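Read top to bottom, the protein sequences are chains A and B. Numbering-wise, full-length UniProt numbering puts 11 at position 11 of the first sequence, and it's gapless, one number per residue. Numbering-wise, full-length UniProt numbering puts 77 at position 77 of the second sequence, and it's gapless, one number per residue.
Since the hints were made in silico from the structure, they are not lab data. Be aware that one or more of the hints could be misleading.
Below, simulated BS3-like cross-link-like pairs (lysine-lysine); rule was C-alpha separation at most 30 Å, straight line [said to hold, decoys possible]:
{"no.": "1", "chain 1": "B", "residue 1": "91", "chain 2": "A", "residue 2": "10"}
{"no.": "2", "chain 1": "A", "residue 1": "73", "chain 2": "B", "residue 2": "58"}
{"no.": "3", "chain 1": "B", "residue 1": "121", "chain 2": "B", "residue 2": "58"}
{"no.": "4", "chain 1": "A", "residue 1": "58", "chain 2": "B", "residue 2": "121"}
{"no.": "5", "chain 1": "B", "residue 1": "73", "chain 2": "A", "residue 2": "121"}
{"no.": "6", "chain 1": "A", "residue 1": "28", "chain 2": "A", "residue 2": "91"}
{"no.": "7", "chain 1": "B", "residue 1": "10", "chain 2": "B", "residue 2": "73"}
{"no.": "8", "chain 1": "B", "residue 1": "121", "chain 2": "A", "residue 2": "10"}
{"no.": "9", "chain 1": "B", "residue 1": "58", "chain 2": "A", "residue 2": "10"}
{"no.": "10", "chain 1": "A", "residue 1": "121", "chain 2": "B", "residue 2": "10"}
Keep in mind it's a predicted model, so treat the numbers as computed, not measured.
Protein chains: 2
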Amino acid sequence: MSESWLDAVKWNAEGLVPVVAQEAGSGKVLTLAWMNREALAATAREQRAVYWSRSRRKLWRKGEESGHVQAIKDIRLDCDNDAVLLIVEQKGGIACHTGRERCFYQQLQDGRWVTVEPVIKSEQEIYGRK
Amino acid sequence: MSESWLDAVKWNAEGLVPVVAQEAGSGKVLTLAWMNREALAATAREQRAVYWSRSRRKLWRKGEESGHVQAIKDIRLDCDNDAVLLIVEQKGGIACHTGRERCFYQQLQDGRWVTVEPVIKSEQEIYGRK
């Protein structure tokens, strides 16, 4: 398969593009993560979200430790080719490493960030004792 | 009002944070844009989306030319404080400068990006002759 679709993406100075993952069923925005060219190619090929972990500096097959895989339903690119939207099916119903449904659980209320979404599973339950 | 909530945000090396805008009614992800500290403060104060235009290097009150204002319903911060989600009411039903409902109108199909969403209003209709 030609890789010209990967050339169309405007990668930033670090070779990355921001990626929004939205749950197909609920419509909730789950997370914002980053991909490099290799991660986006793998995502399309494997039909599961593969991100670039900026902290660990390596490919991160979402769910590889937790089982919380994101199965791909749709891959979109924005008007100026520098942001990607994934429509996914979130396995296990948990996208966030904190054990919440999603990462956007802090809400601005009267000048304070308030945690408004519950932990579904503790990190220990998800990742086990190391 | 204290500005400690702005200090909580992990601004990147350019002093920016990526911001996802989602339509409250349809649940559609409209756009990914960027904010600096001043833009996020203005967004909260004015209850409309105010972004930082990286190309024009200035604050961009979304809709200032087009009328396509994004009224704020909810402001969220993610688990590691480096991405923001806005739930908005999109005035005029058009978020994208191309005159489409939203910016994510290119869909990956068999290794090609295909435009799958229509132009609702031409750019000329939106911005007029300059």
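- Any hints from earlier that this structure breaks? Give me their numbers in increasing order, please. 2, 4
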